[in-house]
Amino acid sequence: MKLIGKLFLALALTAMVATGALAGTLEKVQKSGELVLGVSEGVAGFSAPDSNGRWAGFDADMGRAVAAAVLKNPEAVKFVPLASKQKIVAVSSGQVDLSRGTTWTMKRDCKQGVDFTVVLFYDGQGLMVKKSLGVDKATDLNGASVAVVSGTTSELNVADFARANNIKLETVVFESKKEAFNAYVAGRADAFTTDVSQLASLRAGAADPDEHIILPEVFSKEPLSPFVRHGDQQWKDLVTWILFGLIEAEEKGITQANVLEVKAKSTDPVVQRMLGASGDVGSFLGLDNDWLVRAIQAVGNYGEMYDRNFGPKSALKIPRGHNNLWTKGGLIYAMPIR
Amino acid sequence: MNTSKLKEQLPALLTQTLVVGAILYVALQLFHNTQANLEARNIASGFRFLTVEGGLPINDSLLPYSPADTYGRAFFIGILNTLFVSALSIMLATVLGVLVGVARVSSNWLVAKLAAVYVEVLRNIPLLLTLFFCYSTLLAFLPAPRLSVVPFGDIFINNRGVFVPRPLFQDGFGWVLLTLGAALAASVFLVRKSKRMRDETGRGLPSGWISLGLILGLPLAAYYILGRPLEFDVPVLKGFNFKGGMVLRPEFTALLIGLVLYTAAFIGENVRSGIQSVDKGQLDAAKALGLRPGPIMRKVILPQTLRVCIPATTNDYTSLVKNSSLAVAIGYPDMVSIGGTIIGQNDQAIEVIGMWMAVYLTINLVVSLVMNWFNAKVQLVER
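Protein chains in written order, with my numbering: chain A, 9 to 346; chain B, 122 to 504.
Keep in mind the hints are simulated off the structure, nothing from the lab. Mixed in with the good hints, there may be bad ones.
Label pairs and their calculated CB-CB ranges [stated by the list, open to error]:
hint : chain 1 : residue 1 : chain 2 : residue 2 : range
1    : A       : Asp58     : B       : Ala143    : 47 to 55 angstroms
2    : A       : Gly329    : B       : Ala189    : 28 to 36 angstroms
3    : B       : Leu299    : A       : Asp168    : 42 to 50 angstroms
4    : A       : Asp288    : B       : Ala148    : 16 to 24 angstroms
5    : A       : Arg171    : B       : Phe262    : 52 to 60 angstroms
6    : A       : Asp168    : B       : Leu337    : 31 to 39 angstroms
7    : B       : Gly360    : A       : Pro344    : 36 to 44 angstroms
8    : B       : Ile346    : A       : Glu219    : 53 to 61 angstroms
9    : B       : Val242    : A       : Lys145    : 44 to 52 angstroms
10   : B       : Leu486    : A       : Pro224    : 51 to 59 angstroms
11   : A       : Lys145    : B       : Leu183    : 53 to 61 angstroms
12   : A       : Gly329    : B       : Phe262    : 40 to 48 angstroms
Computed from a prediction, not measured in an experiment: that's the story for all the values here. Idealized CB from N, CA, C, for every residue including glycine.
Sequences and hints are given; from them, build the entire structure.
Encoded structure:
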């Protein structure tokens, strides 16, 4: 089914490289007038088309923020849904300019031709089971079968988890999240495993959400970071600092609604600098001085993005937890903009 | 004379050399550029990853496998799974296909129409949908492990699969197999002898019954004489699932059923066209000899349909092998599913896709070779 897609990617890679080195991504994006963003095939909260067919979610917002800063138009984003196993090749081959958040691992960073930017979501892998199974911790699942999605870190983590705890888990690996989840619901597997945030997303969409529980164990670190092609330092810096800017904006209380007012009135030198009222940090990125103002106008600050897609204003209602600002006990921390 | 011929051919030769040269040059450039650019982007290339511990789980393997094995072994397990399901599907689809083809030309209206409906439905629905349908029907149909269906003995059927006892061969079982071999050889000899007698005297031996007795009786006798050298590992319900025994998982079963049903529809059409291609005179001649409809079909018509069927059926076999790659959609770990996971972990798509292509090409070339050899054997020999 996806064979054609994969072949196409490989051919695209070959054809692309045959023409020699690629131009800088910033130049390419500005020339074509659109940002090509790799997204998931539909995970509520992260990236999924809404009822109007418009891509919504945390990753979609992240792409719009970058498009707003670079192209002055948050809607100049071309969304390319990619299966798990395609996402990295698509970026390393230059097929997409920027990809949704994906687990930052050493191998991907060092050996697979991509560079990670900023961790926007601290996730971890968990297991979901039916309440009726009467299981309340993961190690009780000895001998159980688990539905997994092919080509993800989850597939290996669950095998590692079983080996480390000396239990046996039979995995049933499916091409798509939907098929894997359906098989779990149909009773083919006792449990379903993926990142906790996605479990919450799937549970919210299930026929009877109360029927399923997410077990307390989180047995992996899944720091989800958007990533870009390896070797384009300028583009990597640009994406990185736009994302840091959104985080810093939450810390400084700058919102979608008040950003222009704050820019005009704030006397805080840090705020003045980041919003372009003073200094020239925009030029560090090859952009004008209003880069961050446009991004915040488009999607709001990090906290607003979170609330809209995962928080109280969403169907998922995932507590901020690790994804709160460092000043509020979380891990979200922006490097100084100066 | 010779020089003028060369002169005539020279332009053509020159252009051909130029075209071949250009293609080679482009291919080399492409390869070189790809290598250089992969290196520049820090993307690993080559096949070294195959020797690294993969850590990936595979639930259905014909050989012993654990996540501690290498990516190379995981891929190999995938190849075996692809071969296994393809070979089994080809055999079953052939049997079903011949039955369907014969049924389509049956003089029984109901049988012919049923076969026609079967062929039209299966041929016109995408295989992927057939597979989803088989899989979800199976899952909806089968009970949870605790509520397993037990048809008889130690056989358990549930939504984790069909569990049967695994035979454990003890010392001395080799002798039982040996007597079975001897009984088989004796039967073959007997059947041939009986045929010769019938040809010469018109009267044969009841070779079928004698052979059956030999094949069943001798090994059974040996089995008891040697003190029953066979034990069974019986599946038992432990916790969530059955442990021990052998298992036929629903993913494999659904894939097998889907592939067989789908391909049999095409083979059925080949058989039908083959039967209809046999000259009506053949049928009349066979009837004139006093043969009954069964023997006419088996001994006169079907052997002649082979000449028409085989080339088309070869195509269906190769399609079946390729179609088995849809396994990934319903969770059966075939070569494409496992290779996909390997791409996900290493992102060496070019290498893995190359391996897929090489394996499918090899399997299908072998299938074609065997079928072409068979085809050559059944063609009319004209003297």
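request  = State the violated hints by number, sorted upward, taking the hints as numbered earlier in the document.
outcome  = Hints 4, 5, 6, 7, 11 are the ones this structure does not satisfy, whereas the remaining hints hold.
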